[in-house]
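Student: Each chain, letter by letter, is given below.
Protein chains: 2
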Amino acid sequence: MENVQVKLVKRPIGEPKADDFAIVRGPVPEPQAGQVLVEVHYLSLDPAMRGWMNEGKSYVKPVGLGEVMRALGVGRVIASADPRFTVGDYVSGTLGVQKYAVCDASDLTKVDPNLAPLPAHLHVLGMTGLTAYFGLLDVGRPQPGETVLVSAAAGAVGSLVGQIAKLKGCRVVGIAGGAQKCAYVRDELGFDAVIDYRHEDVARAIKTHCPKGVDIYFDNVGGEILDAALAALALRGRVVLCGAIAVYNATEKPAGPSNYLSLLINRGRMEGFIVFDYRERYPEAIAELATWLRQGKLKHREHIVSGIETFPERLLMLFRGENLGKLVLQVIE
Amino acid sequence: MENVQVKLVKRPIGEPKADDFAIVRGPVPEPQAGQVLVEVHYLSLDPAMRGWMNEGKSYVKPVGLGEVMRALGVGRVIASADPRFTVGDYVSGTLGVQKYAVCDASDLTKVDPNLAPLPAHLHVLGMTGLTAYFGLLDVGRPQPGETVLVSAAAGAVGSLVGQIAKLKGCRVVGIAGGAQKCAYVRDELGFDAVIDYRHEDVARAIKTHCPKGVDIYFDNVGGEILDAALAALALRGRVVLCGAIAVYNATEKPAGPSNYLSLLINRGRMEGFIVFDYRERYPEAIAELATWLRQGKLKHREHIVSGIETFPERLLMLFRGENLGKLVLQVIE
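Residue numbers (the numbering used here), protein chains in the order written: chain C, 1 to 333; chain D, 1 to 333.
This is chain C alone, in the form it adopts within the complex (with noise of 0.2 Å):
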């Protein structure tokens, strides 16, 4: 048994690039007491990856050069030091980008493998549905027959929060690019409309799809969508800031939202979060969320790509919006 890990060696400038990472082979560690081996199986993808990688503050440590590329997963135990957890079992943490993961036993959550196939535990049940869910719930504070815009509609988090807004009585309209992307959203989502970014005039179809305003505008994206958003949002309007892909590769400074002064004419609030800050309160909203998901209440879709050694390059169809739905990285042949 050999362990493949991928380590960060060089800080990426705009794009992470392959020889931004070093692909490692060694010995399988053995787990100490309180530790448990995990065999991992599939490893989630996210745009907040590329934060991970720059030095300086952020809401988590910077991943070290020469440490394993930090990355959330789901596996199996096949071996344990800690009685909570016993060889067989499946569970999700933050595994990193390697095939055996030591894990103190106490950064483990067991996941159960009949609730939902592994990958929509990376997703729906995962940090995803986690981060849609109180992003909408908690910071928009959705009332119903309000009108909740999202960006990167088709996306992991975009697809989850449109649907838990229709769950909760609200007109939903996404933004996402390419028409497959669009007729998922409106036709398979059940989105009330939706707007084609890389064909539309966004600011204009915006206000044409929201005649009220914009109650909520849950944003992924950033850059020039944001703007639009902004421009359009109703009296009491709310900018939920839940990552800015456009701008994660950026080298220089990015533009600000120029349209930033509506939050003052409209008593807007443009507000922030972080999903770890909830996780006392992440049993309750797995309960919900897969509550909803056994009703057939929250479609999801899982992109599923395979191969340790392709981390780098597949990181990258985030960034270039080549995923549908949640990207996975499989593990495990």
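What you were told as hints is all true, and nothing was included just to trick you.
Not everything, but these chain D residues come out facing chain C in the computed CB check (under 10 Å): (1) C242; (2) P254; (3) R267; (4) D277.
In short, the hints are calculated from the structure, not lab data. Note that beta-carbon positions come from the ideal geometry of N, C-alpha and C, so glycine has one too.
Starting from the known structure of chain C, fit chain D onto it as the hints suggest.
Tutor: Same frame as chain C, now just chain D:
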């Protein structure tokens, strides 16, 4: 008795110019049933006036071309056709830039000239006091020990925000332009520290004076200072958007705050407000402000200029930072 009115006749592009206004002389009108004739004593000159001159959707309707320029003021009732007011009463309200104003009685509020000189009723006990009060306390929600950063700290709103924050147990850092204003903020108003934006690197000075980060930034100016404050935001920091004097006269779309993602990293909130929304709570606020005033806890300074015809040029003093304290136009000789 002749009325003198300053009417808006052109929509200014950039800074308002003298010929955007017309000085019109004419008869003094008679109040009809339910109305009151007010002799205007003092008018409040406010940065917000610039916004009222623009066409288009905002939080109040624009001043129409050919209409008397909107202005808050205080004056004396000289004729009344409403039982709620008698000749000799002092009142405040939206009197307009004119010597004599006919107003609906329901739009006026009695003021007590024994509580404070009339100009103070346009400041501490008027709209600027209310703006500072609700913006800081309701939107910013300061906690004892927090660090509050205030721009335009020598200005009408900023000077009160800082003093109220001190009354609430906060550490208060002001930003002002020039040695005289900075001395006023530090030595007379009792701020803990002051930054001279004309002579210091504001971003660096904020980090020096707010070593634990900025819990509340009360923004009166926008522009680069907003961006610097965002960069120094503390965890769960709040940005209260009160105004953006730096950009009100902009003829091109201003740059947005490029550090807005600090709101995401720090789970921050940026929120706008309009004092008029708090109308029902004015009495409680005025009562508390009056108490502080009587106790000598709120210092205030009015910068009084005179001559109604000088309105256009006096207004520009605000944008040039030429006033020290609340700018008030004395109308009556």
